[in-house]
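> With chain Z fixed as given, assemble chains D and G onto it according to the hints.
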Amino acid sequence: MSVQPDVRAMGAITAATARPALPGETGMVEKPRARWLPFSPWHFVLMPVAIIMLVPLLWVVMTSLETLAQTQHFPPILWPGSFQWSNYPRAWSSVPFDTWFINTIIVTTTVVVSNLLFCSLAAYGFARIRFFGKSVAYFFLLATLMIPVQVVIIPTFLIVKQMHLIDTLGALIVPNLANVFGIFLLTQFFRTLPIELEEAARIDGASRLKVLFRIVLPLSLPALATLAVIQFLWTWNDFLWPLVTIYKESAFTLQLGLMSFQGSHVNDTNLLMAGNVMSMLPMLILFIAAQRYFVRGIATQGLKG
Amino acid sequence: MAAVAARPPRGAPGFARRALTSDHLAGWLFVLPAVFLVALFSIFPIIWGFILSLQKASLISPNRPFVGIDNYTHIASDPVARQAATNAVIYTCLFVPTSIIIALFLAIALNQKIRLIRFYRLAVFIPVAVSTIATGVMFMWVFDANFGLANWALGGVGLGPFGWFDSPSGAMPSLVIMTVWGWLGFDAIIYLAALQGVPHELVEAAAVDGASRWTIFRNVTLPLLGPATLLLVVWSTISAVQLFDEVFFITRGGPLGHTNVPVFYIYRLAFTSQYGFSAAGYAAALAYVLFVVILILTLVQFWMGNRVVHYSS
Amino acid sequence: MAWMVAVVATLTMTVSFVDRAALSVLAVEVIKDLGMSKQQYGWAFPIDGSEDTTWHYDAMLWEAGGDILNADNTQAAFNSDAGVQALTALQQMAVTDKSVFLDQQNTGKIDTLFNSGKIGMHVTGPWALSGYPDINYGVQIMPEFPGGSHATIAGPDMWVMFDNNGHGEAAWQFMQWLTAAEQVKADAMESGHLPIRNSVVTPSFLKAFDQKFPGEGLFAQNLTNVTKARPVITSYDQISRIMAEAVVKVMLGQGDPKSSLDDAANQVNQVLAGG
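Chains as they are written, first to last, in this note's numbering: chain Z, 1 to 305; chain D, 1001 to 1313; chain G, 2001 to 2275.
Just chain Z, with the same shape it has in the complex (with noise of 0.2 Å):
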């Protein structure tokens, strides 16, 4: 069970707060820029937040580099000498750091995928079927996002627990299976999409599935992309269901390794920073090369009715 509460929240708000998104420049008046500064004085503003923003990452892996003796030196070396770029496989080695990404990235990319898969099969049905019940469902699916995470997480523990998947990693899958945030935004994609095409299939003799897998989901390239990096962030880093589900080290995901990690060498404060540093580095990648869509996902939510 994937705690999300605030993409959950946003599904059910967007649809109350559904305004359409007009195109447009930006909120305000544009003048023409001042003549005796070479560049915006805006940079005065946001070059001092961008820094105050990234001092901590910076800080971070400037740690990752030091030696121990570095790291309990005050005032604080922002610039050590030479970098020990063997902290890193020190830090790599000392904890099974492979097993918990191996763990997490199995876990993701199930989850990732079967999300896909679930969420525009149903999103379909909903977008694009007319079927006795379908409001009543909708209806239902959208209420769930409106339930908070500390409701359903001892309840859903019982039930992961009866099926046996407690400190197994089907216990993190299972229950993320289809997250109802997909479906919504996948339905509300579908809608826009114009349907002659489909229709045009359909009369030809297609069958729905082929009419999604052939014609629909191509064309959603871009809602599926968004959905599929979202979810990707979620799962990557979520803590508390796998907190309550997984005990054996060699089950853990990565945030799970993360803390352990943390509790056994807090005191080399310079492995732990690496340590630190190698599992956010597959996130922040992620984030940079495919920014466009985690900036879309996350707009469409405030935004789109």
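Since the hints were derived computationally from the structure, they do not count as laboratory data.
On a predicted model such as this, the values are computed, not experimentally measured, just so you know.
Virtual Cβ for every residue (Gly too), placed ideally from N, Cα, C.
Errors might be hidden in some of the hints.
One side of the interface only, derived from the structure: several residues of chain Z facing chain G at Cβ under 10 Å [what the hints assert, rightly or not]:
1. Pro41
2. Glu199
3. Ser264
No farther apart than 27 Å at their CA atoms in a straight line, the calculated lysine-lysine pairs in the DSS-like style are these [stated by the list, open to error]:
4. Lys2207(G) / Lys2185(G)
5. Lys2098(G) / Lys2109(G)
6. Lys2118(G) / Lys2098(G)
7. Lys248(Z) / Lys2109(G)
8. Lys161(Z) / Lys1113(D)
9. Lys134(Z) / Lys210(Z)
DEER-style ranges, computed between Cβ atoms [unchecked claim]:
10. Asp1078(D) / Ser94(Z): 41 to 47 Å
11. Gln2254(G) / Ile1296(D): 50 to 56 Å
12. Gln2254(G) / Asn1306(D): 29 to 35 Å
13. Val1292(D) / Leu37(Z): 53 to 59 Å
14. Phe1277(D) / Trp2159(G): 17 to 23 Å
15. Trp1214(D) / Ile106(Z): 40 to 46 Å
16. Asp1078(D) / Lys2207(G): 40 to 46 Å
17. Leu54(Z) / Thr1086(D): 52 to 58 Å
18. Pro2214(G) / Ser94(Z): 23 to 29 Å
19. Ser94(Z) / Arg2197(G): 34 to 40 Å
20. Trp1214(D) / Leu54(Z): 27 to 33 Å
21. Asn1063(D) / Ser2191(G): 50 to 56 Å
The following block gives chains D and G in isolation, referenced to the frame of chain Z:
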């Protein structure tokens, strides 16, 4: 399931015949996997959670006797529950306005067409990708009382060393600072998208009429940011009330319970033995009360918001 | 696992610990002697509110002659004069003298600080000795309160046998074998665990044990001072939490020993009554 749809002609007799057409079957077959999963892992638990709240329950034993509403009445006399509620209020009142107001300013700044804007946007957005635990490790180091950057920087301007997470009065503000850092980007993205959705014609018309930049912002842009603001207020509140990861990882509810928040208390009741082995039912009751509180808060915010927020047609 | 005080040997430790007051004075003296700045302490105490907090307090409670619960485990007994005396000693060192490093996270920082010479003394067990490679230190038993004893605390692990699968008899037999003197001795010599049977602690054993695990000999010898144990009841975790909260409160200067312990005793009594 690859049947070609053949809708019955208009006026076809029999509800049964229509119900069995492949439309209804197809529809249900498409949505069934997802609906089943959601029903099993969201809808069913919420019902079972309510049942649990009426029992004296343990997560390890199948023996769960019913105790009626005892769990709910106990909440009123539980000082820890009261403490958790107080802390939730404090945290929410600090977190929500701070993150939203700063995010609004940031979004305005990030909306400028200047060089390096992509770098600035990335710098503001990127904390969103960092997990709560990684953020925790990061800030525990930055806020380290002996070797951390924060005390060093503050010492440089003459401010005394702070205890940050270790200080009873400073732990909560430290949590606020850390979580605001983590979520500013998210809020800013929403505001940025909203700002970019402000119709240029309105802004230009006002400028033509001679309005100053500030007046335009206050009377044109700001009202149009209403829906986004409402969304962020509601979302941030819900999110703030459910604070857990950082409390578990860093402060463990301390020092002295100053950061003991509802979901952390619920976790300890149900998943540890610190409050006995049969507190899961009480935890479920607390969870439900929290749920109702969130629901009421959300409805109130929407109601108030809808009276204030201006929707463009 | 007996508790001892590991001492920085660079100090001339000719004082044989006679009473808790001496420890307090010593802690302050340590600070003065080494000209310590704010970042160095005489002693350290974990205040994360976990069993570790209670554990450290229990030793002092017993040294003062007190008990955790009464004889039939129905009432709290730690708010006796002995308990107050023990907690007051802690309060004095932490709040008045400010000579104690209070560890909120309790994930090993105390060990690091001790290993880098920033803490003068540390109350811990034999498992920690391998964590101090960079410093010269000595090992000594706990001090006593006037009129008290050198009681210390040893906490064996809990072994649980389930009765729900029909193999109870076999489990019991296995348990008896596992705890027999021969196995206990073998385990001690192999792993460095302190033996859980007094019969194993003979002079020849001590010699071999200390030879293989330097420093642990004194710990094993001190087992004779293990006269009391924590109550083995299902509600112990709750009792531990309640006591820890009282100790933390006092050591952070937010409460006084008597009323904090009384309040904790009330809560414990409620728990014991099944509340």
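> A separate judgement is required for each hint: does it hold in the structure or not?
Verification of the supplied hints:
1. Pro41: violated (43 Å)
2. Glu199: violated (62 Å)
3. Ser264: The hint holds - Ser264(Z) has a Cβ within 10 Å of chain G, the shortest such distance being about 8 Å.
4. Lys2207(G) / Lys2185(G): It holds: about 13 Å lies between the C-alpha atoms, which stays within 27 Å.
5. Lys2098(G) / Lys2109(G): Given that 27 Å is the threshold and the Cα spacing comes to 18 Å, the pair holds.
6. Lys2118(G) / Lys2098(G): holds (14 Å)
7. Lys248(Z) / Lys2109(G): Cα-Cα ~25 Å, so holds.
8. Lys161(Z) / Lys1113(D): Violated - the C-alpha atoms of Lys1113(D) and Lys161(Z) are around 54 Å apart, more than 27 Å.
9. Lys134(Z) / Lys210(Z): holds (22 Å)
10. Asp1078(D) / Ser94(Z): 41 to 47 Å: Because 42 Å falls inside the window, the suggested range holds.
11. Gln2254(G) / Ile1296(D): 50 to 56 Å: The hint (50 to 56 Å, Cβ to Cβ) is violated, given that Gln2254(G) and Ile1296(D) are roughly 34 Å apart.
12. Gln2254(G) / Asn1306(D): 29 to 35 Å: violated (45 Å)
13. Val1292(D) / Leu37(Z): 53 to 59 Å: The hint (53 to 59 Å, Cβ to Cβ) holds, given that Val1292(D) and Leu37(Z) are roughly 55 Å apart.
14. Phe1277(D) / Trp2159(G): 17 to 23 Å: holds (18 Å)
15. Trp1214(D) / Ile106(Z): 40 to 46 Å: 54 Å Cβ-Cβ, so the 40 to 46 Å window is violated.
16. Asp1078(D) / Lys2207(G): 40 to 46 Å: Violated, at about 56 Å.
17. Leu54(Z) / Thr1086(D): 52 to 58 Å: violated (35 Å)
18. Pro2214(G) / Ser94(Z): 23 to 29 Å: holds (25 Å)
19. Ser94(Z) / Arg2197(G): 34 to 40 Å: Given about 36 Å between the Cβ atoms, the range holds.
20. Trp1214(D) / Leu54(Z): 27 to 33 Å: holds (30 Å)
21. Asn1063(D) / Ser2191(G): 50 to 56 Å: Violated, at about 38 Å.
Against the hints set out earlier in the document, violations occur for numbers 1, 2, 8, 11, 12, 15, 16, 17, 21.
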